[in-house]
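J.: So the chains spell out like this:
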Amino acid sequence: MERLSENRRAAIWSIALLFVGLFVWEISISAQAVNTGELTEYEILTGAGTAKAGVPPPSEVAVKAWQELSNPFYDAGPNDKGIGIQIGYSIYRVLTGYFLAAIIAIPLGFLIGMSSVAYKALNPFIQVLRPISPLAWMPLALFIIQDSEASAIFVIFICSIWPMLLNTAFGVAGVREDWVNVARTHELSAIKTAFTVVLPAAAPTIVTGMRISIGIAWLVIVAAEMLVGGTGIGYYVWNEWNNLDLTSVIFSIFMIGIVGMLLDAAFGLLQRRVAYVE
Amino acid sequence: MANSFLSIEKLTQRYPDGKGGEFTVFENASFGIEKGEFVCILGHSGCGKSTIMNILAGLSEPTKGVVKMDGFAISGPSLDRGVVFQNYSLLPWLTALKNVTFGVAARFPNWTKQQVEEHSIAFLEKVGLLGDAIHRKPSQLSGGMRQRVSIARAFANEPKLLLLDEPFGALDALTRGTIQEELLKVWSGTDQTVFMITHDIDEAILLADRILLMTNGPLARVAESVEITIPRPRVRTDIVEHPNYYAIRNHLVQFLGKRSAELAGQASAEGETHSPQTVRIDNTEGAGDAQPILQAVMT
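Residue numbers (this note's numbering), protein chains in the order written: chain C, 1 to 278; chain F, 279 to 577.
Hints may contain errors.
Unchecked claim - Covered by chain F, according to a simulated footprint, are these stretches of chain C (three or more residues, beta-carbon under 8 Å):
id	stretch
1	179 to 193
2	269 to 278
To be verified - Lysine-lysine pairs mimicking DSSO-like chemistry, simulated, CA-CA at most 30 Å apart:
id	chain 1	residue 1	chain 2	residue 2
3	F	K463	F	K391
4	F	K376	F	K342
5	F	K346	C	K192
6	F	K376	F	K404
7	C	K192	F	K415
8	F	K463	C	K192
9	C	K192	F	K438
10	F	K313	F	K404
11	F	K404	F	K391
12	F	K391	F	K376
13	F	K404	F	K415
14	F	K342	F	K438
15	C	K120	F	K297
16	F	K346	F	K313
17	F	K463	F	K536
18	F	K415	F	K438
19	F	K346	F	K297
20	C	K192	F	K376
These are computed hints drawn from the structure, not numbers from a lab.
All C-beta atoms in this analysis are idealised placements derived from N, C-alpha and C, irrespective of residue type, glycine included.
Let the sequences and hints guide you as you build the complete structure.
T.: Laid out in structure tokens, this is it:
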């Protein structure tokens with residue numbers, strides 16, 4: 001028998017694990033639901049005979065997913081919007097906050113990376129601001145900005161700025177001196193050196209920072225939307241919890257994972273494009 | 279010497295020694311290089327060869343002294359002085375061709391894209407890079423190929439002075455031999471002035487018109503300037519047969535083995551100029567005796 005390639009064998013294992021997992025989940029739920037037999041009077045009085053609200057089996061989640069994904073963009077009022085609309089809101093907030101952060105973090109990171117004075121001057125602020133949980137800014141943001149939507153965007157902005165800033169600074173500071181000397185001996189201007197030598201040399205490190213940032217931003221948006229409410233995938237999860245619709249909760253958890261994976265994959269692609277081998 | 283194309287005048291380099299004092303690498307070093315000359319500088323590690331190179335390139339400033347090219351003092355790096363670094367210094371995210379066009383476009387900003395590309399390809403061809411290889415990234419090229427690209431980049435810019443900082447130091451002996459010959463081929467078609475650091479005596483004899491010998495540091499000095507009295511074009515396998523070859527080689531080996539240490543460490547009086555002694559060794563007939571002649575001429 002011909003030996004299968006590594007990727008194929010891995011794919012077969014993945015699919016097998018998926019089915020085993022789903023099967024175990026399905027079995028354990030239905031075992032839990034079965035509760036027949038003689039009941040004492042006390043048990044009948046306390047309602048033990050009625051079906052308990054339990055974790056739904058995967059089949060129910062699959063049916064729910066099919067329903068939701070076959071009509072993702074319906075809008076039936078503030079508490080009943082399609083999953084596509086909710087995710088759309090979340091992505092819009094993440095990308096807005098993220099790009100605002102990139103516009104500030106990358107040039108500032110360049111400055112810090114180029115000048116050790118700028119680095120030393122700004123480092124104390126960065127070290128104090130960086131470990132603050134982004135959600136801790138929420139009350140202050142709500143008070144100052146007076147707008148829940150913009151506050152959520154601000155929270156994304158503040159959480160995605162740090163990895164990009166530090167990685168850009170690190171990448172720029174680590175550009176090999178030889179390459180900078182090549183630029184110098186070719187009499188390149190500072191701007192030209194920055195764009196033709198420093199930027200491509202530091203690009204892999206910068207994009208790594210951008211990839212970490214987008215991951216954090218996607219983690220944070222769910223929590224932020226649970227707080228600000230109204231729209232978005234985070235709000236959707238919380239709203240379905242309040243409705244005790246666990247099927248929807250599980251479905252939306254999966255969707256959060258899938259969108260996060262796609263965002264990460266996009267930056268993985270960008271990372272491969274800017275990578276180089278020394 | 280003051281009228282040389284490149285004149286190095288009373289160059290001194292001192293560094294703080296970390297104990298409050300100063301450490302003098304070399305002092306009042308003075309020498310000249312003529313237009314179109316190929317000059318190699320030989321010396322032990324730590325004698326300041328690379329420091330001189332960096333000063334000539336404009337990448338660092340001397341403590342004292344000036345370097346004049348065409349009568350004007352140099353300051354900072356310039357496209358007039360091209361550099362080939364030991365570790366190639368190619369930009370790894372660009373292809374071989376782009377690495378060359380990068381330099382050519384900087385040197386000739388008024389050229390069209392096509393002119394830049396044709397000029398670059400011509401120089402890559404001269405060092406033996408043809409066809410598909412020029413579209414590869416440095417990581418996909420061997421060490422020898424990379425250094426060829428680096429040499430092509432430097433020659434394509436047609437600088438007034440070409441500085442080579444141990445360009446073949448990282449290559450194996452066989453590759454080194456081939457590229458030395460290619461370097462000679464590219465150079466002989468031009469009137470390019472070249473200043474090169476090397477550790478390799480045979481390489482220096484093969485390539486140079488003149489070899490500058492440095493004593494050991496600290497307080498190193500350029501002690502001798504040895505003329506290579508072997509006619510060009512030179513081929514490695516032929517020059518070893520030349521009557522001057524071993525005489526010159528012995529002189530260099532003796533200097534680096536013994537005299538470089540004996541002459542080292544002499545502080546000089548203020549304002550004294552250290553110019554190298556010219557040494558000419560010629561055993562060929564018509565040059566006089568069969569014995570090696572050592573002429574020391576003060577310049």
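J.: Keeping to a limit of 30 Å between CA atoms, is the pair of K346(F) and K313(F) held or broken?
T.: Holds, at about 13 Å.
J.: Tell me if the straight-line CA distance from K120(C) to K297(F) falls inside 30 Å.
T.: 26 Å, holds
J.: Keeping to a limit of 30 Å between CA atoms, is the pair of K415(F) and K438(F) held or broken?
T.: The hint holds at about 28 Å.
J.: Are there three or more residues in the stretch 269 to 278 of chain C whose C-beta lies closer than 8 Å to some C-beta of chain F?
T.: holds (count 4)
J.: Taking only the CA atoms, is the gap from K192(C) to K376(F) under or equal to 30 Å?
T.: Holds, at roughly 16 Å.
J.: Going straight from one Cα to the other, do K463(F) and K391(F) come out at no more than 30 Å?
T.: Judged against 30 Å, a Cα distance of about 27 Å means the pair holds.
J.: Against the 30 Å threshold, does the CA-CA distance of K404(F) and K415(F) hold or violate the hint?
T.: Holds, because 19 Å separates the two Cα atoms, which is no more than 30 Å.
J.: Between K463(F) and K536(F), does the CA-CA distance stay at or below 30 Å?
T.: With a Cα-Cα distance of about 34 Å, the restraint between K463(F) and K536(F) is violated, given a limit of 30 Å.
J.: For K376(F) and K342(F), compute the direct alpha-carbon distance and say whether it is at most 30 Å.
T.: Cα-Cα ~38 Å, so violated.
J.: Holds or violated: K313(F) with K404(F), Cα cutoff 30 Å?
T.: 22 Å, holds
J.: Taking only the CA atoms, is the gap from K192(C) to K438(F) under or equal to 30 Å?
T.: 24 Å, holds
J.: Would you check the hint for K192(C) and K415(F), treating anything up to 30 Å between C-alpha atoms as holding?
T.: Holds. K192(C) to K415(F) sits at ~21 Å (cutoff 30 Å).
The structure is inconsistent with the numbered hints 4, 8, 17, 19, although it conforms to all the rest.
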